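Keeping the supplied structure of chain A fixed, place chain B upon it in accordance with the hints.
Taken in sequence, the protein lines are chains A and B. Sequential numbering from 169 applies to the first sequence in the numbering used here. Sequential numbering from 169 applies to the second sequence in the numbering used here.
Hints in this document: simulated from the structure, not taken from any laboratory.
One copy or two, it doesn't matter: identical chains are merged, so the pair holds either way.
20 Å max Cα-Cα, derived EDC-like pairs, lysine to aspartate or glutamate: (1) 189 with 258; (2) 218 with 199; (3) 248 with 226; (4) 280 with 199; (5) 189 with 226; (6) 279 with 179; (7) 249 with 226.
Just so you know, these numbers come straight off a predicted model, no measurement behind them.
Listed below, chain by chain, are the residues.
There are 2 protein chains.
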Amino acid sequence: MKLLKEKIISDGQVLEGNILKVDSFLNHQIDVQLLLEIGKEFKNRFSNEKVTKILTVEASGISVATVTAMNFSVPVIFAKKGESKNQDDEAYECEAFSFTRNKSYIMKVSKKYLSKDDSVIIIDDFLANGEACKAMIDIATQAGTKIVGIGIVIEKSFQSGRKKIEDLGYKVESLARIKSMKNNKIQFV
Amino acid sequence: MKLLKEKIISDGQVLEGNILKVDSFLNHQIDVQLLLEIGKEFKNRFSNEKVTKILTVEASGISVATVTAMNFSVPVIFAKKGESKNQDDEAYECEAFSFTRNKSYIMKVSKKYLSKDDSVIIIDDFLANGEACKAMIDIATQAGTKIVGIGIVIEKSFQSGRKKIEDLGYKVESLARIKSMKNNKIQFV
Numbered sequence: 169m170k171l172l173k174e175k176i177i178s179d180g181q182v183l184e185g186n187i188l189k190v191d192s193f194l195n196h197q198i199d200v201q202l203l204l205e206i207g208k209e210f211k212n213r214f215s216n217e218k219v220t221k222i223l224t225v226e227a228s229g230i231s232v233a234t235v236t237a238m239n240f241s242v243p244v245i246f247a248k249k250g251e252s253k254n255q256d257d258e259a260y261e262c263e264a265f266s267f268t269r270n271k272s273y274i275m276k277v278s279k280k281y282l283s284k285d286d287s288v289i290i291i292d293d294f295l296a297n298g299e300a301c302k303a304m305i306d307i308a309t310q311a312g313t314k315i316v317g318i319g320i321v322i323e324k325s326f327q328s329g330r331k332k333i334e335d336l337g338y339k340v341e342s343l344a345r346i347k348s349m350k351n352n353k354i355q356f357v
Numbered sequence: 169m170k171l172l173k174e175k176i177i178s179d180g181q182v183l184e185g186n187i188l189k190v191d192s193f194l195n196h197q198i199d200v201q202l203l204l205e206i207g208k209e210f211k212n213r214f215s216n217e218k219v220t221k222i223l224t225v226e227a228s229g230i231s232v233a234t235v236t237a238m239n240f241s242v243p244v245i246f247a248k249k250g251e252s253k254n255q256d257d258e259a260y261e262c263e264a265f266s267f268t269r270n271k272s273y274i275m276k277v278s279k280k281y282l283s284k285d286d287s288v289i290i291i292d293d294f295l296a297n298g299e300a301c302k303a304m305i306d307i308a309t310q311a312g313t314k315i316v317g318i319g320i321v322i323e324k325s326f327q328s329g330r331k332k333i334e335d336l337g338y339k340v341e342s343l344a345r346i347k348s349m350k351n352n353k354i355q356f357v
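In isolation and in its complexed conformation, chain A is listed as follows (with noise of 0.2 Å):
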């Protein structure tokens, strides 16, 4: 996606670690022409795919996943982080660990609003590993929702995100795929 990469290249800070900062528009500050482009992008890359519902997780990915739903006519869901396990059967958890945050979470969706009659894109910023994702492909196959694919803004093409999600069979589509970061120049694959 055109508009986005060179809005990455213009406003996207390079960090040490590999941390590609974009929260003048994606993920604090967020620029909204952006964000309704970025939702017809993913309109049409899964155009022609029945879906019910647009899964992500909070916080980040809500903005995103909202634009999404709004294209599709659907409800958004997000997942919550708790810091623990429900003592009650009410939702769907899974453990995840932020490399972000270096420590684990857990992501809950409540079963009253994923079903086997669901069928779901899962929607977020970034993958780069790839643990939020999964951990949200776990919720839905828990609920036996089918998994349409998999929407991401960002994707740190040189970490083991894509290959985790496609080995599970899932189709991955990601508006921006970065190849490299070096020398704090981005390059797309």
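Frame of chain A; chain B shown alone:
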């Protein structure tokens, strides 16, 4: 806002401790048709104002703030929640207490994204005790940013939040104001 009130009556659940559960359409699963109407309604309520950004806090405020920002064609900023104060000087920070989680957290906004040239509407899904809202006001005030007003989806008018915000001198626009939830019966102001 009639559509919202009808949705609260039909799909909201009153739980013990004055908790109103609206996770089927607002803060876990999100009804995007309703959300689009909410965005339009906030635009109507603040139609005469100059607005440069919409300010909210993760996670449940993000989708509401995003559709509101679309209607004003301005960026969204969502404040982040952390456990500790930053060592650096890059963010405006304010401590807030969460009654839902029964603990305090630090709300943060990067200094890059709010300034004295900005005029913001502060948006949130709920107003109860006003803690999150007061923290956002504090952050905007630190930045010298003009606060146009506060936009709330659901206000628990039997709690102290509105009074606290109005006492600070700000206009509060709530799309549904709940007077009472006694005996599981929701009554609006």
